[in-house]
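**Student:** Now for the letters of each chain:
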Amino acid sequence: MENNHVHPTIQKIINLTNQDPANCYQCGKCSAGCPVRDFFDDAPNRVIRFIQLGLYDRALKSKAIWLCAGCQTCSSRCPQNFEPAKLMDALREIAVEQGIAPSDKNVQKFHKAFLNQIKNNGRSFELGLIRDYKLATGKLFQDIDAAPTAILKGKIGLTPHKIKDTKKIKSIINKAVKGNTK
Amino acid sequence: MNFGYYPGCSLSGTAKEFDLSLKEVLNNLDTNLQEINDWCCCGASSAHSASHLLSVALPARNLILAKEQGMKDVVAPCAACFNRLKVAQHEMKTDEHIRTKTEELLETKYSDGINVLNLISLFQHIGLDKIKSNIQIDLSKLNAACYYGCLLVRPHDILKFDDPENPTTMEEVVKATGAKPVDWNFKVECCGAAHSIAHTEIVENLSMQILDDAINHKADVIVVACPMCHSNLDMRQKNIIKHNPGRMKIPILYLSQLIGLSMGLDKKSLGLDLHFIDTTPLIASLSEKEVVV
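Protein chains in written order, with this note's numbering: chain A, 1 to 182; chain B, 1 to 293.
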């Protein structure tokens, strides 16, 4: 779907999600069933409305796109078969690409720390994830009570499981996160 | 029976007991797992938060490895891994553009043909009769709330597994162990998933509602098939109780642990000592019950 008359942001959304936000008729079912809606600034149907009105900046700066838990309750209930969860994914990706500061820094720092573990080891490494997240956010004492039990029970390993093909994984992540996906 | 195995990252870390109990149960059911050599992380929530392409490429790499290593059925016990593998498979099949991009990125060709199984469909494959015929301990007085969470059942169009609003397949497996599934409201509600670290308050709020509903419906235990659900309901339960004094505790078991209990397997070999919420009162209540065989 390429059209010279559409705004590049909406074109990008359509390309990333294979769906057109114009199909949403604002019934609000997504927001009614959203388990995280109480923590959002804008309800999911409002984020879609911003897009429909061309207010891309409002949508890209919304907290909702970062606090969406990706549970897909909205997507599975939409009477128009629109998938708001996919839209949230796309908006996060576009916000980062356009250099828009995330309205919720913790979530982005968590994902960054998580991807760092995969880059370095090919797999997630929980101790490294917690270390990188704490260093990035300055929340050094978070979960300090749960950590010793988890380590004693051997649930958090002290060394990462490194795979053989780590170099390749690193290059895959670097290329995918930097470049355009479509 | 032989299956390919994609353990995923959690099962070698925080969900160690999921891996232990699954292998122990399968050993006793003459089923072998062959781990995919050099598998990588599926990217989980973080990959699809950062890049659509990456969220397809990482699982696709693992599917390619499984195929190269001669596998047909691959078990992904973690609900998130199961979900990402199935979604990637679907996108590679239906979206030519993403397929080309992914193949370019991985520098290899993709061909379909792996059957990805989750924990419940694995036991359906093995056969519920086999679970029934291995019962050693009477679980008939144990009320179990089957908790599916999000990623086993959504998106239904792609996963095509059970019903997205009122699934019942886990109840069938639980019935096969002799335990009693309870009727309750929160079986497909979200626990807050990957927000566990970045927004613990969200996870505690959502998980508390799930725990409360299970307790209100007289459940003695919540049974799960996802490491994220487990860590949110088990590890975070301590703080939930601390922040809301007077609440009851409820142990959280992996489905594989419950099956292992019904088979009379050693609790240590099932990793039942690795939980934050103590499982010993539950196990003690069972040992007092009449042994069937």
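Note that these hints are calculated values from the structure, not bench results. Heads up, some of the hints might be wrong.
Claimed, not checked - Listed next, the in silico BS3-like pairs over lysine-lysine satisfying Cα-Cα at most 25 Å (straight line):
id, chain 1, residue 1, chain 2, residue 2
1, B, K93, A, K175
2, B, K180, A, K119
3, B, K130, A, K119
As the list claims (entries may be wrong) - Quick look at which bits of chain B chain A covers, simulated, 3 or more residues with Cβ under 8 Å:
id, segment
4, 5-14
5, 45-51
6, 185-193
For each residue, glycine too, the CB sits at the ideal point set by N, CA and C.
**Student:** Give a verdict on every hint.
**Tutor:** Hints, one by one, checked against the model:
A hinted pair counts as satisfied when its Cα atoms are at most 25 Å apart, and K93 (chain B) with K175 (chain A) qualifies at roughly 22 Å. A C-alpha spacing of about 44 Å is found between K180 (chain B) and K119 (chain A), which places the hinted pair above 25 Å, so the restraint is violated. Straight-line distance between C-alpha atoms of K130 (chain B) and K119 (chain A) comes to about 42 Å, which puts the hinted pair past the 25 Å bound. Only residues whose beta carbon comes within less than 8 Å of a beta carbon in chain A count, and the segment 5-14 of chain B has 5; three or more means the coverage holds.
With 7 residues carrying a beta carbon less than 8 Å from a beta carbon of chain A, the segment 45-51 of chain B meets the three-residue requirement, and the given coverage holds. Counting residues of the segment 185-193 of chain B whose beta carbon lies closer than 8 Å to any beta carbon of chain A gives 5, which reaches the threshold of three, so the coverage claim holds.
Violated hints, listed in ascending order, are 2 and 3; each of the other numbered hints is respected by the structure.
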